[in-house]
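Novice: Now for the letters of each chain:
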Amino acid sequence: MIDKDKDLISDLKNVEKRDAAFQLLVKTYQQRLYWHIRKIVVSHDDADDLMQNVFIKVWKNIDNFREDSSLFTWLFRIATNESLSFLQQKKRRNIFSIDGVSDYLVETFESSGHFEGEELQKRLQLAVLQLPEKQRLVFNMKYYDEMKYEEMAEILKTSVGALKASYHHAVKKIEAHFEGE
Amino acid sequence: MIMSMNDKTTHSKDEPHFPKLESGFTVPEGYFESFGERLNRRMEEVPKASRSINMLNYLKPALGLAAGLALLLTLYLHPFINQKQAVIIGVQNTTDLSLIEETDPLLNTYSSMISDGQFLAALSEMEEYDASKISKDGLAEYLVSNCSDFEILNANK
Chain A
1 MIDKDKDLIS DLKNVEKRDA AFQLLVKTYQ QRLYWHIRKI VVSHDDADDL
51 MQNVFIKVWK NIDNFREDSS LFTWLFRIAT NESLSFLQQK KRRNIFSIDG
101 VSDYLVETFE SSGHFEGEEL QKRLQLAVLQ LPEKQRLVFN MKYYDEMKYE
151 EMAEILKTSV GALKASYHHA VKKIEAHFEG E
Chain B
1 MIMSMNDKTT HSKDEPHFPK LESGFTVPEG YFESFGERLN RRMEEVPKAS
51 RSINMLNYLK PALGLAAGLA LLLTLYLHPF INQKQAVIIG VQNTTDLSLI
101 EETDPLLNTY SSMISDGQFL AALSEMEEYD ASKISKDGLA EYLVSNCSDF
151 EILNANK
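Just so you know, the sequences run in chain order A and B. Counting from 1, position 19 in the first sequence corresponds to residue 19 in our numbering; the numbering is continuous, with no gaps. Counting from 1, position 45 in the second sequence corresponds to residue 45 in our numbering; the numbering is continuous, with no gaps.
Next comes chain A alone, as it looks inside the complex (with noise of 0.2 angstroms):
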């Protein structure tokens, strides 16, 4: 773990300086953690309302944060489960048919606005977005995070063997989605 993180934890965890140094954590991760929470769930405002109650639960769970992984991983895995408790919650409440998952993002991509990319930037994610979900995921890391493996599998608890399955499955699907345009 890097020796600033440890620093942050053990200020997080001191009743003293909790108030600063958690000012400190939102400030040093917010933007990594917005982009990743973002790509999942495509809309701006569901995003940033995603991204507070992630750093509400680090706030309320600080305490039994175990430190058996990094500060980052701990924190990407909290926003990746609360992304997709989300989507989860908008299948539940039948929203989008179980299949429609990537018929909804579509739609929320085409109407939420925030996003001033170019046409193959848009033609991309509108492939990406027509991924299963674990690929869908699992490529985004990847590919527009640049993440390795092992912190992939770290946060996603899965191997990376596996992991490189999904992207793989994920590019193929990709190209071919190109081709097939």
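Simulated from the structure, these hints should not be mistaken for lab results. Just so it is clear, CB atoms sit at the ideal spot from N, CA and C, and this is done for glycine as well.
Calculated from the model, a selection of chain A residues having no Cβ within reach of chain B, i.e. all distances over 10 angstroms:
no.: 1; residue: 7
no.: 2; residue: 9
no.: 3; residue: 15
no.: 4; residue: 64
no.: 5; residue: 66
no.: 6; residue: 72
no.: 7; residue: 86
no.: 8; residue: 87
no.: 9; residue: 107
no.: 10; residue: 110
no.: 11; residue: 132
no.: 12; residue: 133
no.: 13; residue: 151
Computed cross-link-like contacts, BS3-like style, restricted to lysine-lysine with a CA-CA straight-line distance of at most 30 angstroms:
no.: 14; chain 1: A; residue 1: 57; chain 2: B; residue 2: 60
no.: 15; chain 1: A; residue 1: 172; chain 2: B; residue 2: 20
no.: 16; chain 1: A; residue 1: 148; chain 2: A; residue 2: 57
no.: 17; chain 1: A; residue 1: 60; chain 2: B; residue 2: 60
no.: 18; chain 1: A; residue 1: 157; chain 2: A; residue 2: 91
no.: 19; chain 1: A; residue 1: 6; chain 2: A; residue 2: 57
no.: 20; chain 1: A; residue 1: 27; chain 2: B; residue 2: 20
no.: 21; chain 1: A; residue 1: 148; chain 2: B; residue 2: 20
no.: 22; chain 1: A; residue 1: 148; chain 2: A; residue 2: 27
no.: 23; chain 1: A; residue 1: 157; chain 2: A; residue 2: 6
no.: 24; chain 1: A; residue 1: 57; chain 2: A; residue 2: 157
no.: 25; chain 1: A; residue 1: 134; chain 2: B; residue 2: 20
no.: 26; chain 1: A; residue 1: 60; chain 2: A; residue 2: 91
no.: 27; chain 1: A; residue 1: 122; chain 2: B; residue 2: 20
no.: 28; chain 1: A; residue 1: 173; chain 2: A; residue 2: 134
no.: 29; chain 1: A; residue 1: 17; chain 2: A; residue 2: 4
no.: 30; chain 1: A; residue 1: 91; chain 2: A; residue 2: 134
no.: 31; chain 1: A; residue 1: 60; chain 2: A; residue 2: 17
no.: 32; chain 1: A; residue 1: 122; chain 2: A; residue 2: 172
no.: 33; chain 1: A; residue 1: 134; chain 2: A; residue 2: 172
no.: 34; chain 1: A; residue 1: 91; chain 2: A; residue 2: 173
no.: 35; chain 1: B; residue 1: 20; chain 2: A; residue 2: 164
no.: 36; chain 1: A; residue 1: 17; chain 2: A; residue 2: 27
no.: 37; chain 1: B; residue 1: 20; chain 2: A; residue 2: 157
no.: 38; chain 1: B; residue 1: 20; chain 2: A; residue 2: 173
no.: 39; chain 1: A; residue 1: 134; chain 2: A; residue 2: 148
Could you slot chain B onto chain A? The hints should help.
Specialist: Same frame as chain A, but now just chain B:
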């Protein structure tokens, strides 16, 4: 900028055959600068919300107990309420109330439970009837049509 999808010669097995691109997503201006402040505002609301939920949780057992007591009281008093009604019916169909009160100690108890208003109402109703003109069949018909079995049984105790 757009790379051909068929150009596979320069890529390894895992690398995509399309260029590295940014997502294209954007945020409103000043979003990250103001995020911490908005988060703080929301966090200030969290303890308040949880406090109100806790208050409700504290009240739940008391409310449950009160509801339970109310139910028990209703069940306990229900026969007496019916008995009161039965006594009133009995009064309406009796010619000499004082005689009944002397001979029926239970009626004395019932009488003490009937409010003055109810008793006077029963008396005034009684005056409208000429008991000597009420036949046994008429009385039986009245009881069947106006009283429940439970009331009749209680009245016959």
